[in-house]
Amino acid sequence: MNEPTEAAATACAAGGSKSEEEALLEAIAEQRRLVDAMPSDTLTDICERAPHEKKLGQLEFRHHLPLEKYRISSVLATFEEEHGSLYKEPCLLCLDDCYLHADLVISHRFMCCGGFTCKRCADDFLKTKPT
Numbered sequence: 044m045n046e047p048t049e050a051a052a053t054a055c056a057a058g059g060s061k062s063e064e065e066a067l068l069e070a071i072a073e074q075r076r077l078v079d080a081m082p083s084d085t086l087t088d089i090c091e092r093a094p095h096e097k098k099l100g101q102l103e104f105r106h107h108l109p110l111e112k113y114r115i116s117s118v119l120a121t122f123e124e125e126h127g128s129l130y131k132e133p134c135l136l137c138l139d140d141c142y143l144h145a146d147l148v149i150s151h152r153f154m155c156c157g158g159f160t161c162k163r164c165a166d167d168f169l170k171t172k173p174t
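Plus 43 on top of the position in the sequence shown (first one is 1) and you've got the numbering used here.
Because the hints were derived from the structure by calculation, they are not lab data.
Be aware that one or more of the hints could be misleading.
Said to hold, decoys possible - Each computed DSS-like pair below joins lysine-lysine, with the alpha-carbon atoms no more than 25 Å apart: (1) Lys112 <-> Lys97; (2) Lys98 <-> Lys112; (3) Lys131 <-> Lys112.
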């Protein structure tokens, strides 16, 4: 499996340089070898191993974050091509953004003025409304 090479190519397309990506992959591999070589039999061994595992996790996070941002942007672009762009409008009560084309369940429309509220505010409004 040629997974690191594909990941490096994807990160390059996302805006990172290939040499930075290769250096990060090499640092991850070296840190993984270091962690795998350390014993984990006793509590002392586990305590000595923990900072190295933390560093490995931080390196992997630095590697995966740009890839995930690139993946999300491409999926969002595909979604917008198929369904149109997401339209947002502020909730009339709490001023949070209501994404109107995302799902009909998450927004509520006032028939009197055509304004929108988020589902949470609409539920609160209906609970406090006297019958």
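Structure-inconsistent hints, enumerated in ascending order: Failing hints: none at all.
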